[in-house]
Structure formats: C-alpha cells, structure tokens
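Q: Listed below, chain by chain, are the residues.
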Amino acid sequence: MLDSKIGIFGLLSDAGPVVLFVLLVLLSFSVISWAIIAYKFGYVRKSLGESKAFLDYFFDVYNVDKAFTGSEQYKHGSLPRVFRAGYVEYRALGGKSDIHQAQARIARAIKREANLEGKRLSSLISFLATVGNTAPFIGLFGTVWGIMTSFQNIGQSQSASLAIVAPGISEALIATAAGLAAAIPAVMGYNYFSQQIGIIERDLEEFSPEFVAAFPAEPSTQQGI
Amino acid sequence: MKKAQSHPAEKKFFRWLVVAAGMHVGLFVFALYLQRWDAERHAKPPKIVSVSLVSLPGSGGPSGFSEEPAGEASTIPASLPETAALSQAQPEAVQPMQQKMLVPPPATPKSISVAQTKPVDKQEQINKALERLKQVVAKNAPAPSKPSPAGGMGNLNKALAQLEQRVKAQGYPGGGGQASGSGRGDGGSGRGGGGPYKAVIASIIQQNWEFSRQMLKSSYGMEVYVRIHILADGTIQQILFDRRAPSEYLNNSVKKALERSSLPAIPKDERASELWVGFVFTPEGIEK
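Heads up: the sequence lines are chains E and L, in that order.
One point on numbering: in my numbering, the residue at position 10 of the first sequence is 10, and numbering is uninterrupted.
Just add 1000 to wherever you are in the second sequence, counting from 1, and you've got my numbering.
In isolation and in its complexed conformation, chain L is listed as follows (with noise of 0.2 Å):
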C-alpha cells in the first residue's frame, strides 16, 4: 500500500526535475542568445573619420593640400601675413585638393601601407599646390591692381620657402628643391620605411614584444594598427595608434615591445632622416 502510494510521489518528483534541468537548459540557451545579441550589438567597428587639412598661407583663402597619415591631423597654420594680401586678390589660385575620409575596413587586417606610399602623393600635391600658386601669381602680376607685384613675388618666394622649411621640418626632405620649379623630384622617399630596414625593425620588436595569446579571451576584431616616427639615429620619437584592439593587454603589450625596443639608426640608403613605419600586431604576430 505504502510502495503504491509512495510510487506516484516519487514519479511526480523526477518529472520536477526533469522540467527543473528543462528550465536550466532553457536558461543557459537565453543567456547565450542574450550574450550573442549584446556582442554583436556592441561589435560594430566604430567609425574613424580622418580628416587632414593643411592651410596654406593666407588669411581668407582656402588653400593647400591634405595627406597625412590616418588617424592623424596636423595642420600647418597660416602664419604668413604677408601672403594675406595675395591670397584675398587670387581666391580661385589655391583651392582644397582632397579631403580624404577613411573607413578602414575591419575585416581586412593588413597592414599600413600608407607609410610607403602616401608621401609620394603628398610630395606631388604640395609640388603641383605650389605650381600653380606661382603660375596664377606669375598670370596676374602685372595686373594693375597690384601696386606692387615685385613686392607680391616677393612674399610669394617668402611664403614657399617658409612652406618648404615646414615640410622639411615635417620629415618631408624630397620637398627640396622644390622652390625651383621643378616640379616631383623624389619626395617620395621621405616616409615610410624601407624593406629590410623594416624587417629588421619589426624582427627586433618581435623580440620584445611579451604577449601570451592564451590571456585573450577572443581573438575577434585583435588588431592593432601602430605607426612609429623614428628618427635618423634610430630613437622612436612617437608611436601613434591608428586602431587599438578590444583588449587592453594587447593593446599595452604592444606598446610595451615599442618602448622596449632599440632600433638602428636609419641606414644611408633610405635617403630619410627620419621614417614613418607602420605595423599591424595581431595574436599571430606583426604584419609588417
């Protein structure tokens, strides 16, 4: 009597539980969905708008070029006044040529190129900026508005060689010779590092760079996007981060491998005081 009473108790009790571990599978199913829902929800890259823009001299008059590097803004400022004047009578001489936005693309990790390639464009747009600065100059100087147009072609010299000083200053040394006329010359040497001298770098930094990739919890979305300026002796004067990855560790261990590191000076070859070097570490290693 006892065993049948006690039967239908016990079967009612192991159908609980069933339901119970239901319930806990159940559970765990909602908070996987609810984690997958919330990752994607806060996985979409931001956006990195780069906008560069360089000033020419000149008060009123938009003028000059921009490159530089993503991630990074500079600006020359106008600090010549004396080219005021000419700019405000030849407004349509200088005009913005390029203000560039960039996107990087998340899913293709490779690495910076822009190091290498993009003086080269920058070079020729400061070198074509300032052609036609000289031939619209050139064009309206002996207009009779101008009361003085030596003095004009004068401030314009002043207003390029000051231009060429700052670009010089800027590690851009193929800007030389460019008050000349000549037009390109090889200003594209002036950023971005060479090959084997980029390989031994990234060799070095490899060295110590100190990154366990078992301490990373995903490797989603894990790379960073670094550029180096060194200088001709070899010392790392910046390090800029383009794209810092969701991790702090690897983001720091990174960081951590550039500081430690002691580069070479930069070899004669180069034709480069100083270098731009861009590098991608991801938990794989560094792309170069």
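Pulled out of the complex, with its shape left as it was, chain E reads as follows (with noise of 0.2 Å):
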C-alpha cells in the first residue's frame, strides 16, 4: 500500500536520504509534541478544576485539620498539594517552637512544594517551545538540500523547462510543510500551556500566603483559623 507512486508518497519515495532523514526527525518531534500536548492538556487542565475546587472548599470549612482531610480528594491539583505541604510541616511542628519560627518553617515548606509544583507543570513544555521554534529550520534545511540535488539532476539532464525544474522543487518542499506541520501545534500546546501554568503559579503565590496565615500557633489546642 505505501508503494504507492501518487502524490507525496511518490515524492518521498523518489526523495533523497537526508531529505529523508530531515522527515523522520520531524515526524517524531511531531509525535512527541502531540503525546506532550495531550498529556499536559490532561494534567494542567485537572490542577487548575481541583484547585479551584479546593480554594472554595477551603474557605467554606475554615478549619485547617477539615480543609487536610478534604485536599485528600483533590489529588491532582496544585494548590491542595501546596496546602498539604504546609499541613504535614505544621504537624511535625507539634508545637515544639514558637510562632514566629513555626510560621517562617511552614513558609518555607509551602514555597518549596510551590517551586516543586510549579516545575511538575512546565516540564516537556519547553521541547513544544524548542519544537517550534527549530521545526521550520529543520524543515527548511531539508528542502534546501532537495533543492540542491534536484538542481544537479537538472544539470544532468541538460534542460531547464518546467517539467524538469518542478518536480524537483516541490520533493524539496515536503520537508518545509513537515517541519510547519511539526511546528504549529507545537506552538499553539506552547502558548496555550504557558497561559494556563502562568495562572496556576500566580495563584500558587497568590494563596500561599493565606496558607501560611492560616495555621494555629498551636496544633493541638487551637483547630480554628
């Protein structure tokens, strides 16, 4: 079936190896970016609904030991993971310090679990940046070497209509409609994820804050906010 010799089956079975390898190295960027886009669009897509959904349970409970117990249904999203973070640190507190270095450790404990979310949420996002950006160029650096061969062969055949000159060119251009084909949704995952994580990690440094300030300076006796 791929024996075919009809459109652009036919011009890359006549294309050359680079030509070809140029094409093998777009089509797996190509099939990464897509696994990449539908992974993140799954993961991102569920932080930002659970966190969300906690941000309004939290406030509704009012109670850190309530707001802990229902962050355990929220498992995938950024904002409970943080607040946990801050909870299990408070817990190992068990009211040996003062409020002051309680509140600083917690602090610290809810920024790291922030800083750690916030690279969970970016990572293989950049490989859809660097994608877009070299895909074309890759692309283009096929066609140009198809080009070049093609002119050879042009020479060869010591004629220079349309015919010849044609078919030629447009084997060379399959490799620059690769690399557009790789690059564009590369580009539209990148931006997209970039908007959606930028929002997650405003409101991470938003609420992280209001996290620290809601633990007690004493676990065991004082269970209100």
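These are computed hints drawn from the structure, not numbers from a lab.
Below, computed lysine-lysine pairings styled on DSS-like, alpha-carbon distance capped at 30 Å:
| id | chain 1 | residue 1 | chain 2 | residue 2 |
| --- | --- | --- | --- | --- |
| 1 | E | 111 | E | 52 |
| 2 | E | 111 | L | 1011 |
| 3 | E | 46 | E | 75 |
| 4 | E | 46 | E | 66 |
| 5 | L | 1011 | E | 52 |
| 6 | L | 1128 | L | 1139 |
| 7 | E | 119 | L | 1012 |
| 8 | E | 75 | L | 1011 |
| 9 | E | 75 | L | 1012 |
| 10 | E | 46 | L | 1012 |
| 11 | E | 46 | L | 1011 |
| 12 | L | 1158 | L | 1134 |
| 13 | L | 1268 | L | 1256 |
| 14 | E | 75 | E | 111 |
| 15 | L | 1012 | E | 111 |
| 16 | E | 119 | E | 52 |
| 17 | L | 1158 | L | 1139 |
| 18 | L | 1255 | L | 1268 |
| 19 | L | 1128 | L | 1268 |
| 20 | L | 1012 | E | 52 |
| 21 | L | 1011 | E | 119 |
Two independent chains are provided; combine them into the complex using the hints.
A: What follows is the structure, given as structure tokens:
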C-alpha cells in the first residue's frame, strides 16, 4: 500500500537520504509534541479545576484539619498539594517552636512545594517551544538540500523546462511542509500551556501566604483559623 | 515515594506517546487513501471523439466520405457551385458513408497503425463515392427535368477533377486515374510510412530523444501518440499529438526529439511524395 507512486508518497519515495532523515526527525518531533500536548492538557486542566474547587472548599470549612482531610480528594490540584505540604510541616512541629519560627518553617515548606509544583507543571513544555522554534528550520534545511540535489539533476538532464524543475522542487518542499506541520501545533500548545501554567503559578503565589497565616500557633490546642 | 509518584506519570506519558504515534500512522493511511481516491477520480482517460467529415461539392445534399486519422478533422469545403444543381436534383445519390467515433483504448498501448491501413480504406471510399455519383448521374442524365444533361455531365467532370486535385494535394496520390472510372487502383500507398523507411526514421528520432525515465513520478498512462507528416525531401511538415501523456516533460521531450530529427528523403520505392507516420512514445522507447 505504501509503495504507491502517487502524490506525496510518490515524492517521498523519490526523496534523497538527507531529506528522508529530516522528515523522520520531524515526524518524531511531531509524535512527541502531540503526546506532550495530550498528556499536559489533561494534567493542567485537572490541576486548574481541582485548585479552584479546593479554594472554595478551603474558605468554606475555615479549619486546617478539615481542609487537609478534604484536600485528599483533590490529588491532582496544585493548591491542595501545596496546602498539604504546609500542613505536614505544621504537624511535624508539634508545638515545639514559637509562632514566628513555626510560620517561617511552614512558609518555607509551602514555597518549596510551590516551586516543585511549578516545575512539575512546566516540565516537557520546553520541548514544545523547542519544536515550535526549530522544526521550520529543520524543514527548511531539508528543502534547501533537496533543491540542491534537484538542481544537480537538472544540470545532468541538460534541460531547464518547468517539467524538469518542478518535480524536484515540490519534492524538496515537502520537508518545509513537514516542519510547519510539526511546529504549528507545538507553538499553539506551548502558548496555551504557558498561559494556563501562568494562571496556576499566580494562584500559588497569591494563596501561599493565606495558607501560612491559616495555621494556628499550637496545632494540638487550636483547631480554627 | 517520589518514584512511586513519577512512575504512573511516565506510564501515562508513554501511553500518550503510543496514541500520538498511532494517530500519525492513521493520518498517513488516511492521506494515502485520499490520494488514491483522488488519483482514481482523475485517472479516467478522457474520451476522445474524432469525427471527420468531408463534404463533396454541392450545397444542400450531404455527400462524401469520412476517414481521417484520429485526432484530426479536416473538411474539404463545398467550393464547386456548378454542381449544386446536380446534388439537389439527386439527393439520394450521395450519402454520408461513414462517421467514425474513435475512443482510444487506454490499456493497450499499441502503435498507431492507421498510417498504414487507413489510406486504402479512404481511397476506396473516395472511389466508391465517385462511382456511385457517376452511376446516378448517368442514370438520370436523360431525365426531362434536366435542361441540359450535357452541361450536368460537364459539371460533374469538373467537380470530379477538382476533387481529385484536392485529394492529391492532401497526399493521396493513389487517387490519380480515378476519373476514368477504373475504381480502386493503388491508392493505399498514399499514407503511412513503409516498413524500412519507418524503421530508419524511428531510429533517428530515438537517437535525438533525450529523456530520463527517472524524471517521471509515475509511469501510469505515459504514452504519447504522435503522427508526423513527412514531405518528399524528409522535412517534417506537421507534428500531431493524437494523445498526450500526463507528464509535460515526456510530451516536450517527444516534441523536441521530432524537431531535432532531420529525416532522410522518402525513398522512391515508397511510391509516395509525402507520408504520415505514427509513433507511440513510452518511457521504454518508441513503438512503431
């Protein structure tokens, strides 16, 4: 079926090794980009949705223990994760240090978890940016190489009619088309995820002090906020 | 703990990787199917309908014969007004003999053999038409409606003479001597190249044909049916493409090859002052 000599596949079968290698690289870029887009789309969407739901719950219950218990059902949210890190630190203190020291330690734990969460969210996104920036150039390289080969063939055939020039150029242009086909979804995905991750990171920055302030001085005696 | 957390995430990512690869494969298969479908849709060979009409002298009555090479339609105009009365008086005498529709079979790339066989038919038809015309005129000559039968015969003879001249001028020397009513004769040699001569010119054209098969993306339907009109001195007067290949490269290469070729003069044993010779150019070579 793939030995067909028609259309794009006919051009592919006549392409040189360099152009084929370029196409292979671009194909793998495209596959990985789409996998990242699909994977991250679910991850970021869940994180955003659960963070919003947890914030509503957190301000409803007005109690760190209840909020911690409730946060267990928001396993993929970024804000619940950060809150849980603060709560674990708060419980680890066990009322041994004074209130300022305790808040500083909780704040550090929350900040550390927020940083981790930011890294987790933006992991693999840089690959999309790389593909978006480099794939057109890789495709262009394949095209330039293909046109060079094509001109050599034209020189050998000693004719410069359109019928001779056009097939080689169209063959070479496939690489540029493949580069654009890989780059366009990658750039779109990168922009979308950058915006969504930016929203989550702003939420983390905004609500981290709220979480720190929510923990009472003595965990065993005071339960309310 | 972290390993346990990252493991499902990696697993999930690899699952998406497999899905994306499958999606690309599916997209390729779909594109392939789409192209095949599109190619099949456009690959139907166009119907070539060639209708050749030759009108004999006369204003209203249909007359004549038809047998021209495929792809060419020529008409001998009714330029003999003196025969109009005759034709009107005897409309049943001249009837259209043949209107041929040719649809070239795409799957059988055979050479055009019309160049050798058809002139005989044409000449025969011309002769038949002339004979029939004469018979009818002779039968109706003493009819009272005719004011001057002698004048009618004169007109007929004139018309026949002019017709013969036209036939000769179009490269049918075998038509000579038909005015005497002798019938067929050797009219078949007027068209189509002889065997040895055709082989010689085919080899000359082949030598001048610069064509690289690698430049073709597909060999499907790559046939060019060409006829050339060769004058007595070997000059190619006319190049007719009966059927072009989908590749303009092949078409142009054939045209250039024919233009470059300087052919030898037609040998005397061909008994023709000019020839129509047909060739089929394929990526494999020239078929005669």
